[in-house]
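> Given chain A, put chain B in place with the hints provided.
Protein chains: 2
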Amino acid sequence: MTPARPIPTAPKVVALSGGVGGARFLDGLARVVPPASLTAIVNTGDDFVHLGLAVAPDLDTVMYTLAGLGDAARGWGLAGETWSAMDMVRRYGGPDWFSLGDRDLATHLVRSAALAEGETLTAVTSRLCRALGIACRVLPMCDAPRRTMIEAVEGGALPFQQWFVARRAEPAVRAVRFEGATAPSAAVVAAIDACDVVLVGPSNPYVSIDPIVTLDGVRAALARRPVIAVSPIVGGHAIKGPLATMIPELTGEPASAAAIARHYGDLLAGLVVERGDEAHPGLGALPVHATSTIMASPDDRTRLAREALAFVRAVAR
Amino acid sequence: MTPARPIPTAPKVVALSGGVGGARFLDGLARVVPPASLTAIVNTGDDFVHLGLAVAPDLDTVMYTLAGLGDAARGWGLAGETWSAMDMVRRYGGPDWFSLGDRDLATHLVRSAALAEGETLTAVTSRLCRALGIACRVLPMCDAPRRTMIEAVEGGALPFQQWFVARRAEPAVRAVRFEGATAPSAAVVAAIDACDVVLVGPSNPYVSIDPIVTLDGVRAALARRPVIAVSPIVGGHAIKGPLATMIPELTGEPASAAAIARHYGDLLAGLVVERGDEAHPGLGALPVHATSTIMASPDDRTRLAREALAFVRAVAR
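These protein sequence lines map, in sequence, to chains A and B.
Under the working numbering, the residue at position 224 of the first sequence is numbered 224, and the numbers go up by one with no gaps.
Heads up, the working numbering is the position in the second sequence plus 1000, with the first residue counted as 1.
A hint or two may mislead.
Across the chosen pairs, the derived CB separations fall in these ranges [unchecked claim]:
| no. | chain 1 | residue 1 | chain 2 | residue 2 | range |
| --- | --- | --- | --- | --- | --- |
| 1 | B | T1082 | A | A220 | 43 to 51 Å |
| 2 | B | D1300 | A | A116 | 37 to 45 Å |
| 3 | A | P8 | B | G1155 | 34 to 42 Å |
| 4 | B | W1097 | A | G155 | 41 to 49 Å |
To be clear about the criterion: a stretch of chain A counts as covered by chain B if any three or more of its residues have a C-beta under 8 Å from a C-beta of chain B, and this derived list gives those stretches [as the list claims (entries may be wrong)]:
| no. | segment |
| --- | --- |
| 5 | 61-75 |
| 6 | 80-88 |
It is worth saying that the hints were derived from the structure and are not from the lab.
Values in this document were obtained by computation on a predicted structure and should not be read as measured data.
Ideal Cβ placement from N, Cα and C applies to all residues, glycine included.
Bound-form chain A, shown alone (with noise of 0.2 Å):
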């Protein structure tokens, strides 16, 4: 739903994001909107705790890439990570399921005190981001843990880092829920409210964007704002992650830029999606921009965010 009132020439931007390629094009967001005015809200429905410890993968994904520190073949985790200390706990026959790197661990353990010691984590993650120099807001979708569970076909419900990393996405999907908190934090309403644009990231809408879209009122104060998002699919595949089997097991239709778009339904006020994607029958009357979406380097960040803030532009007017 677009609003009747008008976007200043510096809007105040909201971004929605999950892992790899939300933090991406939050990368891209940061190189071309002032920090002040950039504040990403970032997916914690698959956090998780491992050896004791409070990890939250898209947040520290999200981390690491602002930070400029994030490993960009592996696309998770930090540029030169060590793993001496796991190593060691599959010495001791601990669970080394989920690779946690040296410096990683650090990340976790900062946190994880943190958290034990009363801080939110929002707070934490304000204080973990300015550490690394990340000048824009970065804010966990909520404080309390919200988790998103995998109802398997066969199997029965996983947590999401179990359904993912220890059985590798393998078990069909029948469908996606969350447990826990639904209440958003304080800081992500006044976000969402104080913002002019809305822009999605290329993230799994089921597993990345609907934990942060579900939470108590989100959808609501987002259908204030222009919302726009940018296709996770290209050409029928997902560039990470199991999105493209994920469409056809939760929807029953085939991996497009359509279904995406379909999934969002009135929330969008335009798609940004893969060159050639927009031919899709099913984009119906939406608002479409068409271009390269793939993020291999900063300048194809920088270029998908410019793309993206003129295209929220246009539809919003």
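Structure of chain B alone, referenced to chain A:
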């Protein structure tokens, strides 16, 4: 106090230990005594929670030393250790006064996760030791926290690691006391009751051995066995740690093997001292074995262990 019963040819040995010196003595014993006949009872008074992790410095030093993984030059931690996690903790502005190596972190992570799930410190220690190929038994002195507190002349009471590491053992010591649990573990009581001889390693009596000996019933149980100690004093100096200054601060007398003997009192059936230290008049009628007590090489450790075993056999007759 020496018991009436004869010591068998292959005695069951209990050894009390703190960190570095005690660990090296245990390593010598482990090369001489069959694994099933050797039980180490290790001080946990230095244990503390750091970055949310249960750190047990003396247990770790004992484990790493017995596993042949210890850093011989540094005296603590693991050989070939890396420090990536701590570098990142520092970058986050986290506490860096206590260095946790990357591989060492795995020990604390696995231990902390086990304790959080309700496993006892005794059980998880046994599991970690098995994983590292340690064949003898290593028992923490107790399962519940018992904290060694240093009463400084100025500035009040400090937990041991705060005093020793963060304050570099500089504040003069007025008294040492223990807070928390007073009961030894059932395994500790059973091990002492089942043993034939007790050897006290060359550890600091005040902060490494007293935490064990002052547990409910332990001194009485030890008194029913022949007990000898290895003096941690060499010609008026301590090989490692703050002992040489603690003795005059706590007793008003100079550091000497005699001060060690006086501290342990009637617990001892004999004392192994550095050659030259046996002449101290304060040793009185206590049986003394003078030898080289510095354990630079594995051969030194083996020799000292053999001599200590022969000595306890001799004084127990």
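> Among the hints numbered above, which are violated by the structure, and what are their numbers in rising order?
Violated hints (numbers, rising): 3 and 5; every other hint is consistent with the structure.
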